[in-house]
Amino acid sequence: MSDRVEILERRAGGVDIITVKGRLDAGSSERVEERINHLLDAGGRSLLVSLCDLDYISSSGLRVLLATLKRLKRDGGALRIACAQPQILEVFTMAGFHRIFSIFPDEAAALDEFAAGP
Amino acid sequence: MAELTVRAKLPALAAIADFLEETLAESGDEMVFAVQLAVDEACSNTILYGYPDGEAGTITVTCTVDDDVVSVIITDDGVAFDPLSAPPPLLDIPAEERPIGGLGVHFIRTVMDSVSYARTGDRNVLSMEKRRAGSS
Numbered sequence: 001m002s003d004r005v006e007i008l009e010r011r012a013g014g015v016d017i018i019t020v021k022g023r024l025d026a027g028s029s030e031r032v033e034e035r036i037n038h039l040l041d042a043g044g045r046s047l048l049v050s051l052c053d054l055d056y057i058s059s060s061g062l063r064v065l066l067a068t069l070k071r072l073k074r075d076g077g078a079l080r081i082a083c084a085q086p087q088i089l090e091v092f093t094m095a096g097f098h099r100i101f102s103i104f105p106d107e108a109a110a111l112d113e114f115a116a117g118p
Numbered sequence: 001m002a003e004l005t006v007r008a009k010l011p012a013l014a015a016i017a018d019f020l021e022e023t024l025a026e027s028g029d030e031m032v033f034a035v036q037l038a039v040d041e042a043c044s045n046t047i048l049y050g051y052p053d054g055e056a057g058t059i060t061v062t063c064t065v066d067d068d069v070v071s072v073i074i075t076d077d078g079v080a081f082d083p084l085s086a087p088p089p090l091l092d093i094p095a096e097e098r099p100i101g102g103l104g105v106h107f108i109r110t111v112m113d114s115v116s117y118a119r120t121g122d123r124n125v126l127s128m129e130k131r132r133a134g135s136s
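Residue numbers (this note's numbering), protein chains in the order written: chain A, 1 to 118; chain B, 1 to 136.
Think of the hints as simulated: they come from the structure by calculation, not from any bench.
All values reported here derive from a predicted model rather than from experimental measurement.
Think of the CB as a built atom: it goes at the ideal place given N, C-alpha and C, for glycine as much as any other residue.
Check each hint, because a few of them may be wrong.
Heads up, incomplete: computed chain B residues facing chain A, CB under 10 Å, no partners named [unchecked claim]:
1) A17
2) D29
3) C43
4) V111
Same shape as in the complex, but just chain A (with noise of 0.2 Å):
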């Protein structure tokens, strides 16, 4: 099987929610990278990015986040990633990325903190 990433949109109070499900390795990245350049060349500076249903994430992933990150910042806007599986938080760990983001265990707790300002 060639393709196990699923990627999903929606749109809370303002906020651009991207869930990605299943495997966000070297062969997906690309894939998801697109959707969010996407969103943020239509004008989307709240992203929120749900692994909070991520299976497996390689230093791929990683790229593809920490080239949001830096588009975010420089565009004077703000990205938040929910997840709470140990594997995943893992990973962001040993590439020392739990400094650089913004992580909330569930969507709502990201959700909120938008609310309450960048």
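Knowing the structure of chain A, use the given hints to seat chain B on it.
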């Protein structure tokens, strides 16, 4: 010993993950996670950069589960490349200043206990080991 040979194309990454999950089913979630990550990072590098002329070759992954250690050997017929020669990433600088890249090898070194590289004939050979929990 279990062995899998795949074409060096991106869709093979999921098949490699399945192969390792099956082979390491008795070794615990933490072992599966670590070996899948290390092998995925190594094979991603090979697939993305090992065949600059465009014609993908083959990657063979062998996985051996002994009482105290899991051993993985990855061989490919891509261009000669020692991933262990890459400099370590800078983990403590602000996001805006970070170069994108260099993380994959850092992950391999972090989750595995030993990693070594050799060029044997026309193949890259990356050997990795991780001790099983409870063994010393």
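- request: Determine which of the earlier numbered hints do not hold for this structure and return their numbers in increasing order.
  value: none
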